[in-house]
Amino acid sequence: MIKRTIIFFLIAIAVSSCENDIQTVMEFDSKKAATENGEEIVTIFSQGGRVTAKLLAHTMERSLDRPSYVAFNNGLRVFMYNDTLGLESTLSAKKGKYLEEEGYVYLSDSVVVINKKGERLDTKELNWDPKRKIFYSTQEVFIKTPTDSLHGWGLEANEDFSEKKILKVSGPITVQDSTAALN
1 MIKRTIIFFL IAIAVSSCEN DIQTVMEFDS KKAATENGEE IVTIFSQGGR
51 VTAKLLAHTM ERSLDRPSYV AFNNGLRVFM YNDTLGLEST LSAKKGKYLE
101 EEGYVYLSDS VVVINKKGER LDTKELNWDP KRKIFYSTQE VFIKTPTDSL
151 HGWGLEANED FSEKKILKVS GPITVQDSTA ALN
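Heads up: the sequence shown begins at 1 in my numbering, then just goes up one per residue.
These are computed hints drawn from the structure, not numbers from a lab. Here the structure is a predicted model, which means the values were calculated and not measured. A few of these clues could be false.
Claimed, not checked - Straight line, CA to CA, 27 angstroms or less: simulated DSSO-like cross-link-like pairs of lysine-lysine: (1) Lys94 to Lys168; (2) Lys131 to Lys165; (3) Lys164 to Lys117.
What the hints assert, rightly or not - Ranges of calculated distance between the beta carbons of each label pair, as one might list FRET restraints: (4) His58 to Lys124: 19 to 29 angstroms; (5) Lys94 to Thr138: 27 to 37 angstroms; (6) Ser170 to Ala34: 37 to 47 angstroms; (7) Ser110 to Thr145: 14 to 24 angstroms.
Ideal Cβ positions, reconstructed from N, Cα and C, are used throughout, including at glycine.
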């Protein structure tokens, strides 16, 4: 009889100790529900019925909490096209984040941009400001063209990277002789 009472008492204690705090469970469920995940992502961007870019990523995480964002933590590649679907430039990075409400894009970790002229930009960080329609960076940048290699800190470039400016240039720069064409 004492054995049964002890077993009953232990079971009662065990059952009463397995209680979940309802608030903790609700918070966990709301956090889990506020995130969307995807794998092997392919996204086509268009404006006015014309394809402007294609994004490829291994994984995507979209947070629906405010401020909402989309994170690409396992690499991404973007192909940017002109009006006739000609490839204008390619962009790749190991990480990316898109703030949905503001439209800002933050790329980091081995960012590489190659335009149709064969010019290549390498940097640790690259950001896109949709209001000013520019890419910019405050980090070290390397630009390799068919004729030159440029190095510096900070960058501003237009959306197709046809015009770019290194804010603090470092190293040798080759300048074309403007009088050579006259001779």
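Evaluation of the provided hints:
For the hint linking Lys94 to Lys168, the alpha-carbon distance of about 25 angstroms falls within 27 angstroms, and the restraint holds. Taken as a hint, the Lys131 and Lys165 pair is honoured in the structure, with Cα atoms around 18 angstroms apart against an allowance of 27 angstroms. A C-alpha spacing of about 13 angstroms is found between Lys164 and Lys117, which places the hinted pair at or below 27 angstroms, so the restraint holds. In this structure the supplied range 19 to 29 angstroms holds for His58 paired with Lys124, their Cβ-Cβ distance being about 20 angstroms.
At roughly 18 angstroms, the beta-carbon separation of Lys94 and Thr138 lies outside the given 27 to 37 angstroms, and the hint is violated. Checking the proposed 37 to 47 angstroms range against Ser170 and Ala34 shows it holds: the Cβ atoms sit about 44 angstroms from each other. Hint check: Ser110 to Thr145, Cβ distance near 20 angstroms, so the stated range 14 to 24 angstroms holds.
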